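Asker: Protein chains in written order, with our numbering: chain P, 320 to 489; chain U, 23 to 373; chain Y, 4 to 408.
The set of hints was computed from the structure by calculation and includes no laboratory data. Here the structure is a predicted model, which is why all the values come from computation and not from measurement. Glycine included, each C-beta is placed from N, C-alpha and C at the ideal position. Don't take each hint at face value.
Per the computed footprint, the stretches of chain U lying under chain Y, defined by three or more beta-carbons under 8 Å from a beta-carbon of chain Y, are [said to hold, decoys possible]:
hint : region
1    : 42-56
2    : 232-246
3    : 266-272
Mimicking BS3-like on lysine-lysine, the simulated pairs with C-alpha atoms at most 25 Å apart in a straight line are [stated by the list, open to error]:
hint : chain 1 : residue 1 : chain 2 : residue 2
4    : Y       : LYS102    : P       : LYS327
5    : Y       : LYS258    : Y       : LYS102
6    : Y       : LYS201    : P       : LYS332
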Amino acid sequence: MDKVNKIKEYEKKNPFRLFADHVSAVATGLKYTFKPTRITLQYPEEALLLPNGYRGMLRLYKDICIGCTLCALVCPADAMKMATEQGKKYPMINYGRCVFCGFCVDICPVDALRETGMHDAAFQNRRELVFDPDKFNADFQQEMPTGKTVRRVKAIIDENKGIKYEPADN
Amino acid sequence: MDVLALLEFYILYPSFFVMIIFPGLIFALIVLLYTIWFERKIAAKVQMRFGPLYASKRSGGFLQLVADAMKFVFSEIIVPEQVNSTLFALGPVLYLLVSLLPLAAIPLSTIPPTGSVLSMYFHEFYDPNVGTGIMAAVVSNYSLLIVLALEAVTPVFVLFTAWVTNNRFALLGAVREGLLSVSYDVLLIMASLSLAIEFHTLDVAKIVEAPIPGFVANPFAAFLFLVGMLIGTGRFPFDIVEAESELVAGPYTEYSGLLFVLSMGGSYIGTFAYSILFADLFLGGWQPFTGYYGMIFTVFKAILVLMFAVFMRSVYGRYRIDQALRGSWKYLFPLALLSIVIGGVVGIWIR
Amino acid sequence: MTSRPEELLPEGGMGVEVVPVSGELNVGPQHPGAGHMRILVKLNGDIIEDVDLDVGYVHRSVEKLCENRNYIHLIPLVERPAILDSIHMNLGYILAVEKILGVQAPERAQYLRSFSAEVNRIASHLYGLGILTVFLGHSTGFMWGFGDREVWVEILQALTGARVTNSYIIPGGVRRDLGGAIIEMTNKALDYTERKLKDWKSMVLNNPVIRARLENVGVMSRENAVRWGAVGPNLRGSGVYYDVRKMEPYAAYDKLDFEIPVYKEGDGFARTLVRFEEIEQSMKMIRQILKEIPEGPILTDRFLNQIPPTRRKKWLEEQRRVVFPGYYASFRPPKGEATSMVEAGRGELLYYVISDGSAHPYRVRMITPSYRLIYVFKELVKGSRYADLVSIYGSLDYFPPEADR
Ligand code: SF4
Ligand code: SF4
Numbered sequence: 320m321d322k323v324n325k326i327k328e329y330e331k332k333n334p335f336r337l338f339a340d341h342v343s344a345v346a347t348g349l350k351y352t353f354k355p356t357r358i359t360l361q362y363p364e365e366a367l368l369l370p371n372g373y374r375g376m377l378r379l380y381k382d383i384c385i386g387c388t389l390c391a392l393v394c395p396a397d398a399m400k401m402a403t404e405q406g407k408k409y410p411m412i413n414y415g416r417c418v419f420c421g422f423c424v425d426i427c428p429v430d431a432l433r434e435t436g437m438h439d440a441a442f443q444n445r446r447e448l449v450f451d452p453d454k455f456n457a458d459f460q461q462e463m464p465t466g467k468t469v470r471r472v473k474a475i476i477d478e479n480k481g482i483k484y485e486p487a488d489n
Numbered sequence: 023m024d025v026l027a028l029l030e031f032y033i034l035y036p037s038f039f040v041m042i043i044f045p046g047l048i049f050a051l052i053v054l055l056y057t058i059w060f061e062r063k064i065a066a067k068v069q070m071r072f073g074p075l076y077a078s079k080r081s082g083g084f085l086q087l088v089a090d091a092m093k094f095v096f097s098e099i100i101v102p103e104q105v106n107s108t109l110f111a112l113g114p115v116l117y118l119l120v121s122l123l124p125l126a127a128i129p130l131s132t133i134p135p136t137g138s139v140l141s142m143y144f145h146e147f148y149d150p151n152v153g154t155g156i157m158a159a160v161v162s163n164y165s166l167l168i169v170l171a172l173e174a175v176t177p178v179f180v181l182f183t184a185w186v187t188n189n190r191f192a193l194l195g196a197v198r199e200g201l202l203s204v205s206y207d208v209l210l211i212m213a214s215l216s217l218a219i220e221f222h223t224l225d226v227a228k229i230v231e232a233p234i235p236g237f238v239a240n241p242f243a244a245f246l247f248l249v250g251m252l253i254g255t256g257r258f259p260f261d262i263v264e265a266e267s268e269l270v271a272g273p274y275t276e277y278s279g280l281l282f283v284l285s286m287g288g289s290y291i292g293t294f295a296y297s298i299l300f301a302d303l304f305l306g307g308w309q310p311f312t313g314y315y316g317m318i319f320t321v322f323k324a325i326l327v328l329m330f331a332v333f334m335r336s337v338y339g340r341y342r343i344d345q346a347l348r349g350s351w352k353y354l355f356p357l358a359l360l361s362i363v364i365g366g367v368v369g370i371w372i373r
Numbered sequence: 004m005t006s007r008p009e010e011l012l013p014e015g016g017m018g019v020e021v022v023p024v025s026g027e028l029n030v031g032p033q034h035p036g037a038g039h040m041r042i043l044v045k046l047n048g049d050i051i052e053d054v055d056l057d058v059g060y061v062h063r064s065v066e067k068l069c070e071n072r073n074y075i076h077l078i079p080l081v082e083r084p085a086i087l088d089s090i091h092m093n094l095g096y097i098l099a100v101e102k103i104l105g106v107q108a109p110e111r112a113q114y115l116r117s118f119s120a121e122v123n124r125i126a127s128h129l130y131g132l133g134i135l136t137v138f139l140g141h142s143t144g145f146m147w148g149f150g151d152r153e154v155w156v157e158i159l160q161a162l163t164g165a166r167v168t169n170s171y172i173i174p175g176g177v178r179r180d181l182g183g184a185i186i187e188m189t190n191k192a193l194d195y196t197e198r199k200l201k202d203w204k205s206m207v208l209n210n211p212v213i214r215a216r217l218e219n220v221g222v223m224s225r226e227n228a229v230r231w232g233a234v235g236p237n238l239r240g241s242g243v244y245y246d247v248r249k250m251e252p253y254a255a256y257d258k259l260d261f262e263i264p265v266y267k268e269g270d271g272f273a274r275t276l277v278r279f280e281e282i283e284q285s286m287k288m289i290r291q292i293l294k295e296i297p298e299g300p301i302l303t304d305r306f307l308n309q310i311p312p313t314r315r316k317k318w319l320e321e322q323r324r325v326v327f328p329g330y331y332a333s334f335r336p337p338k339g340e341a342t343s344m345v346e347a348g349r350g351e352l353l354y355y356v357i358s359d360g361s362a363h364p365y366r367v368r369m370i371t372p373s374y375r376l377i378y379v380f381k382e383l384v385k386g387s388r389y390a391d392l393v394s395i396y397g398s399l400d401y402f403p404p405e406a407d408r
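Same shape as in the complex, but just chain P (with noise of 0.2 Å):
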């Protein structure tokens, strides 16, 4: 083991730097103040196309589930429950427990569950929450309560500003 990391000691305040250390914190300042660096998300105008892969609501697709149970047993919150229509058994889920692990989806021997990149949803009630599997069986959509297109960005890790948002196509 290497105990060669010495213990370092800071460089005391001292009156001299004092005036340039408050120079320089304003100069950032209005260094930012004339540059900006925004990485605000413009919300209800614009929204995030989540990236594939993100672990937002779920569907099922019903004609490819075998019943197995498996999503059921595997689900952290009991979030996935199974239900009974003729005699055969899907997945129902409540995402009023949900916890968006994707656990489901993994182990799913037949991949009967998606991840959608959809996350932003409202619902009147608790009620609504619960989706039986006929409702499960379809791609969730919600429009914006706004009535006006929302533009889709995408986030993008840029160099220079941080966070950007780009338009996606799609």
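Start from chain P and add chains U and Y with the ligands according to the hints.
Answerer: Here is chains U and Y with the ligands on its own, set in the frame of chain P:
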């Protein structure tokens, strides 16, 4: 004289006009809104965000402040049990009025003998010291003293506001204000004094009319005055009295609704009054204009100073009370003495 | 004569207390500087005589819940106490479970664990710096901390599929692999953060106001740091060379080349500097990982072979991720117990897991770094000024949910 002329006479009457319209109560409230907007916007710029935006996007969210003010006006004022509700309501109101008072003695411009709408007041507001009419609510040979005296009163009302709310955070804030006021008043008075010695007068108007602006004549005094102003009005890095993370909102902890606006407004308007004085003393006030334009120019300079003062928020945190006190007594006080010496020495030469 | 104010001022409700020369101040839980706890401060003038920390406002009985759930179910649960440091919370737990199961993650997975952990450490330290600066009234530092953190959160999101609740590390490996796009993102983020840290230095670290508020405040001597059980950056700020990554390397740390910043002073500024330099070290490590990461599977063969080959291939090729074998849903590890230690963002995090052979652990004990800080905090603020309460709080980077669990 017909009615209109009479009306004009009374509205433009300097004592009324300066105190109530420009740059007094009405304009000061607009400046208050603008300053808070500016403070939020510029902090947002430094902090990688937009600040207020959605209330009137075209003006960069300026109406946000109007909306906020409206919201505060209509929100409930909660009066704590066990306080005297009259005094409770009186606290912020008095504080606001008192912080507006110094404006009364600060000269804003000169009144030329002829050729201006203001010329009719030339004789009434004649300052023999300067030899011209002065646009100020009260013309006096000792205006500097009056302003400083009036400004020294405000801490009392901060204490009063805190005291009547019977809240421990407020009391702690009040104690801090009390301690601080001793140090910043000294700085302000000594900085102003050094200028008075330098120009051999206690009349602000005369200082403005002097051939060189104050910050050239005595840069130390200018610096000290600026720091004293930041401490005195609780701007960063001396936001010690209100210190949000320590004292919630200091003396104003218990206030809500309109009373909260008034108490917050008090400190901004105080800064504004100090800024006008700073513009007069150190930045040459209305020079080279006179009359109306001079007035606007003075206030314009003051607003620049104010903008600088609120910009400090995005650069600094806050000092601790003992550090601010030590700083002002150990470093700034000797500097103030130095500036008085400079004032005296340069004063000989100026005469 | 009476001295009771309400008798002196009978009518009119002017029951104003006399200014307390000494008295108690009830800071929190609804206070801008208290976090999720209540701090009863006994003041004598401006000096704090004693504090009583009333913790537990965000207690969620994580340890008890652990006893009623399958092993796999606990991954999202153990992340919850320190949501901004979730990779470490997750990693420590998995390391203990892996010891009981007797599996070892393959080389590439080890590197990926280190990678995600270091990304998370940067994000966590920036969060801590942000909170510290807002406690000192420096709102720019606060916004910068959270804004610059966003970059790293974005990388975690691209890698793991979630911003903070990553649930990335699973027994035997990790869930997703690093792709070219993420490497490119990371390189950009490294460049950005390196540049930005310069501004951080002039704006925050060397800002005279911040320095004045941190230097010689909350000084913890080396002996006290050891005696009070401080961990992590707080311990290293007091001149103790101790870091689990060096002492008992886990993941890929034995192959990485990095330094542990240690400062002697033991005050708030030393602690902040340690954090700050750890960000730099983490970035160095990330660069090294990107360069040296070996090719190979990201899940141990024992579990990989349980996944149907076609499915395994499809997911690996399409999305560079592994899927779970059905075994995970409710596995029963052999009887046994294990401890694991990781160096989380705030310090040493210890897990102790006992298995009784059933599908649930018999007991999971987690000793989180913030839990140890409670006592340190209490001792440090004694004798300091009231304004330093928040300064010490921030410089310790104490995170109440992590302590309450
Ligand atoms: S994502 Fe996680 S919590 Fe949600 S249903 Fe699937 S397994 Fe359950
Ligand atoms: S794991 Fe897949 S196949 Fe099995 S029940 Fe769930 S969705 Fe259906």
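Asker: Run every hint past the structure and note whether it holds.
Answerer: Evaluation of the provided hints:
Counting residues of the region 42-56 of chain U whose CB lies closer than 8 Å to any CB of chain Y gives 0, so the stated coverage by that chain is violated, three being the minimum. Judged by the Cβ-Cβ criterion of 8 Å, the region 232-246 of chain U is not covered by chain Y as claimed, because only 0 of its residues qualify and three are needed. Check result for the region 266-272 of chain U against chain Y: holds, 4 residues qualifying (beta carbon to beta carbon below 8 Å, three or more required). Straight-line distance between C-alpha atoms of Y/LYS102 and P/LYS327 comes to about 36 Å, which puts the hinted pair past the 25 Å bound.
Among the hinted pairs, Y/LYS258 with Y/LYS102 is consistent with the structure: their alpha-carbon atoms are about 20 Å apart, no more than 25 Å. Between Y/LYS201 and P/LYS332, the direct Cα distance comes to roughly 19 Å. Compliance with the 25 Å bound is thereby established for this hinted pair.
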